[in-house]
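Protein chains in written order, with this note's numbering: chain A, 1 to 115; chain B, 1 to 113.
Incorrect hints may have been included.
[As the list claims (entries may be wrong)] Within a straight-line C-alpha distance of at most 27 Å, the following computed DSSO-like cross-link-like pairs (lysine-lysine) qualify: (1) Lys44/A <-> Lys20/B; (2) Lys69/B <-> Lys39/A; (3) Lys44/A <-> Lys69/B; (4) Lys44/A <-> Lys63/A; (5) Lys20/A <-> Lys63/A; (6) Lys18/A <-> Lys44/A.
It is worth saying that the hints were derived from the structure and are not from the lab.
Spelled out from the first residue to the last, the chains are:
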Amino acid sequence: NSKVIQTPRYLVKGQGQKAKMRCIPEKGHPVVFWYQQNKNNEFKFLINFQNQEVLQQIDMTEKRFSAECPSNSPCSLEIQSSEAGDSALYLCASSPRGGNYAEQFFGPGTRLTVL
Amino acid sequence: GDSVTQTEGLVTVTEGLPVKLNCTYQTTYLTIAFFWYVQYLNEAPQVLLRSSTDNKRTEHQGFHATLHKSSSSFHLQKSSAQLSDSALYYCALQTQVVGQLTFGSGTRLQVYA
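Excised from the complex, chain A in its bound form (with noise of 0.2 Å):
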């Protein structure tokens, strides 16, 4: 079972409002990542980290969307002025750093519902 630890699991917010989710990652993990998880079960990346420094994201996530990954502190993501669209689950993932390509393993994510 994952050891990737997000909260709130669920989360209800109005339009225009902040919301904010917080990921811990399995012990020893430097790599997390975002995901947005929609209605129809697709998958968006949003962001990565290793350590505490931003490796990719992608242009959502560059203007309405913030995250960070401080040390010795649960990494996070905030949706700064939240939208109908932006429901949806919000899966965090860590991975072990490796020569090879590691597995990402999830946290039980946080559902959004903007009403």
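We have chain A; now place chain B onto it with these hints.
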């Protein structure tokens, strides 16, 4: 960009019969890794199989898959489906060592008694 295609949205099979879930991909990268993830209802996706070696069969929990770069495929198979196999299955491509996964659209497997 990279893409992964799962042609079946739903596969139904009777318990005890073989099952095959199709997955093909497009990428310009030569060194890649492929994963099959399974997601049970209200649970996190979890890795079922992983492969980065061309033409090598990978097995886990009765499922198997072989990465074929010549046909850009990584189909998932099981010789005898079980009721407990009912879930959503995703194939996913990774082209960089700590890079993002590109997921297919998923196939729901429903096993009937």
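A quick look at each hint next to the structure:
1. Lys44/A <-> Lys20/B: holds, 25 Å
2. Lys69/B <-> Lys39/A: With Cα atoms ~32 Å apart, Lys69/B and Lys39/A exceed 27 Å; violated.
3. Lys44/A <-> Lys69/B: holds, 24 Å
4. Lys44/A <-> Lys63/A: Satisfied, since the Cα-Cα distance of roughly 16 Å is no more than 27 Å.
5. Lys20/A <-> Lys63/A: Holds. Lys20/A to Lys63/A sits at ~15 Å (cutoff 27 Å).
6. Lys18/A <-> Lys44/A: holds, 20 Å
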